[in-house]
Structures are given as C-alpha cells and as structure tokens.
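> These protein sequences, in sequence, are chains A and B. Under the UniProt record's numbering, the first sequence has 228 at position 228, and the numbering climbs by one with no breaks. Under the UniProt record's numbering, the second sequence has 324 at position 324, and the numbering climbs by one with no breaks.
Calculated directly from the structure, the hints in this document are not laboratory data. Since the structure is predicted, the reported quantities are computational estimates derived from the model, not experimental observations.
Heads up, simulated SDA-like pairs for lysine to any residue below, C-alpha to C-alpha not over 25 Å straight-line: (1) Lys-78(B) to Arg-41(A); (2) Lys-250(A) to Gln-133(B); (3) Lys-250(A) to Pro-208(B); (4) Lys-250(A) to Ala-193(B).
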Amino acid sequence: MPEVLKAPLVVEFPFTRSLGPVQSAFLTGLRERVVLGVRTRNGRTLVPPVEYDPVTAEEIRDLVEVAPTGTVTTWAWNHAPRRDQPLDTPFAWALVRLDGADTALLHALDAPGPDAVHTGMRVRVRWAEERTGAITDIACFEPYDSGSYDSEPYDGDPAEPARQAAEFENPITGIVAPARLDYTYSPGRAQSAYINALADHRNVGECCPSCRKVYVPPRGACPTCGVATLEQVEVGPRGTVTTFCIVNLKAKNLDIEVPYVYAHIALDGADLALHGRIGGIPYDQVRMGLRVEPVWTEGARYPDHYRPTGEPDADYDTYRELL
Amino acid sequence: MSKEPVAVVGIGQTKHVAARRDVSIAGLVREAARRALDDAELTWADIDAVVIGKAPDFFEGVMMPELYLADALGAVGKPMLRVHTAGSVGGSTALVAANLVAARVHGTVLTLAFEKQSESNAMWGLSLPIPFQQPLLAGAGGFFAPHVRAYMRRSGAPDTIGSLVAYKDRRNALKNPYAHLHEHDITLEKVQASPMLWDPIRYSETCPSSDGACAMVLTDRAGAARAPRPPAWMLGGAMRSEPTMFAGKDVVSPQAGKDCAADVYRQAGITDPRREIDGAEIYVPFSWYEPMWLENLGFADEGEGWKLTEAGVTELDGDLPVNMSGGVLSTNPIGASGLIRFAEAALQVRGQAGEHQVEGARKVLGHAYGGGSQFFAMWLVGSEPPDS
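Please build the complete structure, drawing on both the sequences and the hints.
Spelled out as structure tokens, the structure:
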C-alpha cells in the first residue's frame, strides 16, 4: 500500500472572554496584588470565586479578601514543562488552599524537585512583576517558611470583607485567552491515493462495490452503503458546472480577486460534484451546465481553476442529480 | 404503556445582541434559565435534570463548557447532558429533554441552548486549514448559495423571493423585544439594494452573529396541572440525519428533512400540514431557505413554496405565518437558534408571543437544521394536550 500522507496541523485562536462581575473582580484584584474569594450563604469562602453557589445555585457576590499564603492540599510533579506553562523549569502543579479560603486554587509551585514538595507544605504567592489582570499575575507559588511547623493552619485574621472591584480603577472586564492545539493530521489511505494521483494531474476516485457510485475525492467508504470502496476509477478531467455562486466578499485567507465564481463541478464519470473556481470567462457569463476543464499552475496540488472547454452546455437532465 | 404527555410550562430568553460583554457564559445561560423558571414559577429545586446544547466548542474555545455551567444552571447533584448536532442542536436539545419526560425518566427538565459568538469567530471555527485539502472558497453563505441557485433553477422562482422573506422577517423582529436586529427603517428597497455577497444571496438576506441563550422548562402532566400559565403540549417530535455529501443527495430538499417532518405529522395525526398547522418557526439562516423548507416540510408541493411567500401567505397576518419572531434572519446565536424556534412555537400556542402573536394559534411547528443540511430536528406543539 502506498504511503499514507501526514502533516502537522496547528489550530490556534485568540478567544476573548467577557468576565462578568465576579471574575472581573478576581482578575482586577490580582493585578492589584489582592486575592479575592466569594462567600457563600453558609459561610464558605470559594477561591477562585464563582458566580453561582455550587450547592444552592444561588447567585453569590459577597467578595472577600484572602491571604497570599496557603497550604498545599495535593500536587503532581511536572517533569517537562510545555510551551506557555507558568514556568519553563520543572515544577509542581499544586492545589493551594489560601489562608481564609475553604477551597483550593490550581497553580504552579516553584520547587527544586519533587522531594521538596509535600501535601501540607506552606506556600505563598510570587507575584509577577508586570500584572495585567490575569491568572498569570500570580507568577507561581513558592515555599514559604513562616518559622512555625509548616502544616500548622493559618491563624491570622479571618477573611475580611473585601475592597469591591468597583474600588479598583480600570477594572478588567474581558481577557484574551489564546488556545492552541497541535496535531499530526493524516487524510488516510483513500485521500492519500487521490492526492498522490493529482500530482500527475489525474483524478482518481473510488467506486462503491454495492451501489457503483464513484466518489471523487474518495473517502474510503461509501456514505450511503457503509462499505469500503477500494476499486479505483479515473474520472474527468472535464466536467460540468452543476450550480454555483458569485463571490463578492473577499476572504481574508484567500488571495483571489472578487468577484469570482465558486462552482460545484461534476467531473465526467463522478457521481458527486466537487468544488472549484471558474475562470477564463467573465463571472456573469458562467451558467449551470457550462462544460469546463482544469487549469493547473506549476507545483500546485489542486487545479488553480476550471475554464470553459467550448463544448455545448450539458443538458439539465444529465446533471440534475449532481447539484 | 403510552408515553407521558410533555408540556412546556416555562420559557426564557436573553435579549439577543452582537456582543454581551457584561456577562460571562455562565451569566448568559443563567439569565435565560432564570427567566424560564420565573415563567413557570418554579425554583432550581423543582428541576430534576438539565439538558444543554450548543454548536461546536470552537465557537467559544471552551471545551465541554457544560462542565463548568453546572453551578449556574442548578445542575449540581442532578443529571446534566450535553447535546451537539451543529446548527440544529437547539432543536435536538429540546427533544432529548422532552424524551426524558415522555419516558418518565424525569418529571421536570430544564433545557437550554446558547452561543456567545462574540468570544470567537464562527467563520474561523468552520474553516480550519486542514493539510492537503483545498481551502473552502467561499464561507457559510458561499456554501449554501449554490444550493439556492439550484432551487431557483428547479422551481423557476423569480429572484425577488429572497428579498420578500428578509423584509418580512426583519419587520416581524420589530415586534419581538428579544430579537437581535431591530431595523426600524427597513424597506423592501433597502433589502434589494443591499450588497450581493454570494450571488444569489444578498447581505440583507443573511443572518447576524449573536450572543444569546434560550431556555424552556418541560414537565409531565402533573407538572402542567400546577403551571401558573397555559402550557404548550408536544404533539410530535423527531430528529433525522443523513451524510453531508453523498451521491444522489438532494441539497435543495434533503430526504432526512422530509422524513423528519413526516414522522412529526404522523405522531400528531396531521394529514394536511398546510391547513392543520397555524404557523411555523423554521430555521432560515438565508432568506431563500423559507420557500425551500416550505416544500421540504410539506406545506407546499415541490417547486411551489415560493408562491406562498410571494402571495403573502407567510406574513404575520397571512394564512400560514412563518418566523413570527423574526427568525434566524434577525437573531442567530447559532447553538440557541433551534431552541428559539421551538420556544417561539410554544409561545404562540400559549398565547404569550406578545406583539408577534398569531391570533388563535393552536398548532405551531418548530424546526431546526444544521451542518451541511444533514441534521434535522422538529416538533409540533399545541394548545391542547395530545389525545391519550
């Protein structure tokens, strides 16, 4: 079997988040080196704060300040930090219950090695030098020797009603949350064979052994019969425009002058239309039934566009099932 | 044992807008859910399960957002399900919730769908650059525009039909306080003069991109008896799917859509939908889909749907009003759009649609479709309970 194609695929986007009142206060607080939690009606203090009580579903808005010191409740060692993680040297992912809070916050703990980390150890916030109103305003946690037994609970002041977010100038109301996923993409056996044949400007599809329909590009299975398609069939190169639209809106990622015609093209011998651009004819003269052939440019994987062959238009009844 | 009758006793939605920068996703869904509970005069404790839907996670970039929305929806300690069927998801979500009541798994279910499109870019989410593949040459409108041309060729419809639909839906939206687009100065001439984006689809014949959520409280016969306001009763509901592309697919009138409608009508005892149904909320993201779906849904014979539009039958005061709320053409938080159709159908038969109420509406269809015309979800609701 010929080699199956593979290529890296990176999907990334700078998503935006509108924060709502509670996250807005929390992140604005971090910018000001203040950690805020939210108090539930039964007196628990949740850090990081949430908008709705997990137990009663009540809206909760009673923000309180907690200490920048706390206790590790559990942890896992990260041997090999990845891109965009809080630290670029090995560190612990730790759940830290800040003093005055009843729940724990996930963050990085900077420690020389896993032997230096244990549940119950005392830690404190290491603030980032430049703070923008983001969870990364806490650069990480670091071990904190308060001079007492490190598992001793916090005995400082109880959490105090906090400065409200409104007291902070220029509260953060939205953030950008970039997301990135790295894949290795493979189009699979059938598409690889099709793409390899395209290199010789040949359109090789596959025929369903059951319904005899020819799919170009092939998917390796017939979507109607649900059986594998292994029999290769060469189709085209000529075809018929079955339907189309005239694109007047320039797409950011495409270097094509508008207007242009985007068409469904049924290659001769194929039972499903593929999509392509029509050129070599004024856009307003393109019509259903127009006979076309591919135009290749050097080194391109797909035809640059399709142009009229000069043949008479196809009769509607010959392609009405191929729209 | 027969199915439990399903009643809609609470409906809530947000005011749909381009960007709700004042709320988080949790705050957005909470607002719709709270309004649905208030309408039903129920509390979180009265809800037995939550069924939530939205379109692809790439639309906000939060993977499995339902996991973090449990607090906001009072779902902690209760079953919570996520449904996903692309643009039809709002309809499918309501049907999954309804089936839980019909099967007597739960007595009262909160169902909700949302999209916060301002947090991302749906066009980006739909056109990820896949290695080796030819880039899509057109966008969502470009994907559907050739299908519209195929419809025009098949039916012989005059090219003004699309503008009539858009003009109607945008005027209907003016009567719906929750609709996103309120174009007070809309005229037919303005629609027809708007730029041609993907010929034959004009700018004013396309849907907006919205932030919004919609929720319903569904309950059983006992719950309906306690409801403070008239319930809407589910008379039939069905989902169907088919591949995005296959040899012989009818892109103008997909078989899955016909089969789905036929199933709903069979359940509801409808033999002549055109005469027996008083209105329809149909998923029309591009105006030409109104006549196309009128045929697919059996309201008109093949090739005849545009004649209903042209004759004014689908106007708010027509014989078969379509998209009384202003439709997807006026409001499109994608994941919620199907649920809004279902909810608006229920509002009509409850007599609570306000200014866009169809006088005496007793049976109204809610419809959703999604993907490359591959997923369909529909229900028919009535002002009277189904025959038991």
